[in-house]
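Novice: The listed protein sequences derive, respectively, from chains E and V. Taking the working numbering, the leading residue of the first sequence gets 1, the next gets one more, and so forth. Taking the working numbering, the leading residue of the second sequence gets 1, the next gets one more, and so forth.
Derived pair list, reagent style DSBU-like, types lysine-lysine, alpha-carbon separation capped at 30 Å:
1) LYS47(E) / LYS80(V)
2) LYS289(V) / LYS68(V)
3) LYS449(V) / LYS409(V)
4) LYS131(V) / LYS118(E)
5) LYS32(E) / LYS34(V)
Please keep in mind that the hints were generated in silico from the structure rather than gathered at the bench.
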Amino acid sequence: MTYLDNFLLIALPYIALAVFLIGTIYRYTNRKFQFSSLSSQFLEGRKLFYGSIPFHWGVLFIFLGHLIAFSIPRSVLAWNSQPLRLMILEITAFIFGISMLVGLINLFIRRLTTSRLKPVTNIMDYVIYTLLILQTFAGLWIAYNFRWGSSWFSTLLTPYLYSVFRLDPDITAVSLLPWTVKLHIAGAYIIIGIIPFSRLVHLLVLPLNYLWRPYQQVMWYWNKKKVRSKDTPWSLQRPKNT
Amino acid sequence: MDVRSQIAMVFHLDKCIGCHTCSIACKNIWTDRKGAEYMWWNNVETKPGTGYPTKWDDQEIYKGGWEKRNGKIHLKGTGKRRGLTNIFYNPNLPVIDDYYEPFTYKYLDLIESPEGDDQPTARPVSLVTGKPIDIKMGPNWDDDLSGTPDYARNDPNMKNISPEEQEVMFQLEKMAFFYLPRICNHCLNPACVASCPSGAIYKRGEDGIVLINQEVCRAWRMCVTACPYKKSYFNWHTGKSEKCILCYPRIEAGLAPACMHSCVGRIRYLGVLLYDADRIEQAASADEKDLVASQLDIILDPFDETVIAAAKKNGIADSTLHAAQFSPVYKFVKQWGLALPLHPEFRTLPMLFYVPPLLPVMATVKKVDNTEQLEKINPAAKKWNDEWLYDTSTKELWGTLDQIRFPLKYIASLFSAGDEEMIKDKWRKLMAVRIHRRRVTVGDVSNEKAEVTLRDAGIDAATADAIYALTSLPKFEERFVIPAAHREQAIEMMDFTGDTKGDTGFGIKSKVKRGI
Chain E
1 MTYLDNFLLI ALPYIALAVF LIGTIYRYTN RKFQFSSLSS QFLEGRKLFY GSIPFHWGVL
61 FIFLGHLIAF SIPRSVLAWN SQPLRLMILE ITAFIFGISM LVGLINLFIR RLTTSRLKPV
121 TNIMDYVIYT LLILQTFAGL WIAYNFRWGS SWFSTLLTPY LYSVFRLDPD ITAVSLLPWT
181 VKLHIAGAYI IIGIIPFSRL VHLLVLPLNY LWRPYQQVMW YWNKKKVRSK DTPWSLQRPK
241 NT
Chain V
1 MDVRSQIAMV FHLDKCIGCH TCSIACKNIW TDRKGAEYMW WNNVETKPGT GYPTKWDDQE
61 IYKGGWEKRN GKIHLKGTGK RRGLTNIFYN PNLPVIDDYY EPFTYKYLDL IESPEGDDQP
121 TARPVSLVTG KPIDIKMGPN WDDDLSGTPD YARNDPNMKN ISPEEQEVMF QLEKMAFFYL
181 PRICNHCLNP ACVASCPSGA IYKRGEDGIV LINQEVCRAW RMCVTACPYK KSYFNWHTGK
241 SEKCILCYPR IEAGLAPACM HSCVGRIRYL GVLLYDADRI EQAASADEKD LVASQLDIIL
301 DPFDETVIAA AKKNGIADST LHAAQFSPVY KFVKQWGLAL PLHPEFRTLP MLFYVPPLLP
361 VMATVKKVDN TEQLEKINPA AKKWNDEWLY DTSTKELWGT LDQIRFPLKY IASLFSAGDE
421 EMIKDKWRKL MAVRIHRRRV TVGDVSNEKA EVTLRDAGID AATADAIYAL TSLPKFEERF
481 VIPAAHREQA IEMMDFTGDT KGDTGFGIKS KVKRGI
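Use the sequences and the hints to build the structure in full.
Specialist: As structure tokens, this is what we get:
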């Protein structure tokens, strides 16, 4: 088991991160045209609602939950110190997980049964669906069988993840966890590694800058005032668009 | 005053014959590609009719354009809050069935089918799935109303017209329609630009052409919803939105856009307008009844010395100013006040103006007894036994304007946000030009009558002659006054022009720089 543990918990995260970083930067700089999800709402709009909405809101909150447990483990433990608060957290998270799974299954069925979607579907889409469904199912399974995840994540997994980021991976505690948990961890690494090769890249370009940019955008091919002014010195520098 | 220049257009609807040559010219150059087959950046609609996509001008369905709430304008269905919360699923996105599923025919079956008892047929196949389909809709399915008033009945612009009035309109002998060619309006306050979460859409400062950067577009599809004219299209194959680019490569080379160049009826005019960019928001926020006036108000007089000085200060080239002074668009829109924007109530300040059609005003159909007349005709001659008289005579000059078979209300809901007086004003002018020219060329109209009509319309004989000349006899250079792009200045600023020598052809092709 130690070889497998070493591979899944030590080698895999670094491989995944390296592939993710290099792949993403390469795709963003060289294949920018493809750096988005290929929306299929235009071809099929009704079934998408029952898949996309529960999945996306579910995954958004589940991801934030993992991120919080990773970044502020002490606060999570403090919150969980009262049983009622722990229950609220766990049940809310479980509901979002269910929502995510239902959404994914709906999306998968939609892909398989709608003939108009065939021409815009590739093999990677099926790989992504399968991976995400397995990952979500494993997550729900763990949440149901090994309670209470929000607490032991903060005490067990957060130190492990920190150690990975410190480039000094320590898997003594994590290697004792049940194999479903290890599978869930490895699944997460695989998904991270696969991001640059799939439609998942769209989550990296979430258009948050829309919030603070002005509504209207005017672009100039060149700075006219500067070009026409006699005082502008001749230069090799490109004048900036304003 | 922040003076900018805009390439604007006028379409003269009285001259449109509905031949779709413009659509074909555009399709052949730009949208004859996978994923773009269904797109018609230029399309010609029969009005009244439901249009393309179906009922596009009903913003209760599509939630496009801007709306005024508490004195400020907001995007109706998109915007920062709605756009980002609906980013996982856009509830107001038109789907392919609202346009039509593109198709072709299996022509090879006609040749390669095995010999048999039946004539081989070319079955239609979908250009999306590649499988045989039953065609439900096509481009211009409702062309010429498809022989049924059903399309006209479903026109969203009919909502202000009472059911009785509508029935009168749709009686077969009264049925009238006109053609409405539509391209991107290249608006001053574009809703598509404002709705794009990625910031991929922008308005070009030099000429006001609105473009989508295909590298930055991330398929959030908000522009498709936001454009109230439904002139931003989603390419399902590439996952990018596309729209009319006003043939900017042609414009930069001094050529007219393909749709305009090919226009058989010569209905299209293109030229420069100068406008005050500081007042865009104010103009778009006016009350609905003042919208047209406020939009025309920010268009500046290119002969005004202060405007010219401000334009020069803003770096607008002399050649552009010269083009603005000779702009046919300025003449139609400001000088003569003949052209109006389509659906100004969407508040995008469109820069494509239409001269409203007058044609249906002229005639009425009367039931008459023709027996007496028919007896006078030579017995050998062919006789028409119908009892209908297509009557183009009117007793009073403007008496018929209120009783025309094409309700004023309908035209007003298209071009003036419901202001009927504004349409009447344009029609009076168009009519006056006709009567004046009839006096000049045929001479069966009395001078007195012609003068009265001209005075009623508020124009003089010289203006009427000028309108007539630019409407009926314009040369190519008068219809399209395209300013020079002055790319040489841009190149001088960006590169040392000597460096580009040898970059192509037989020079040094690889970069000299080493390292990062």
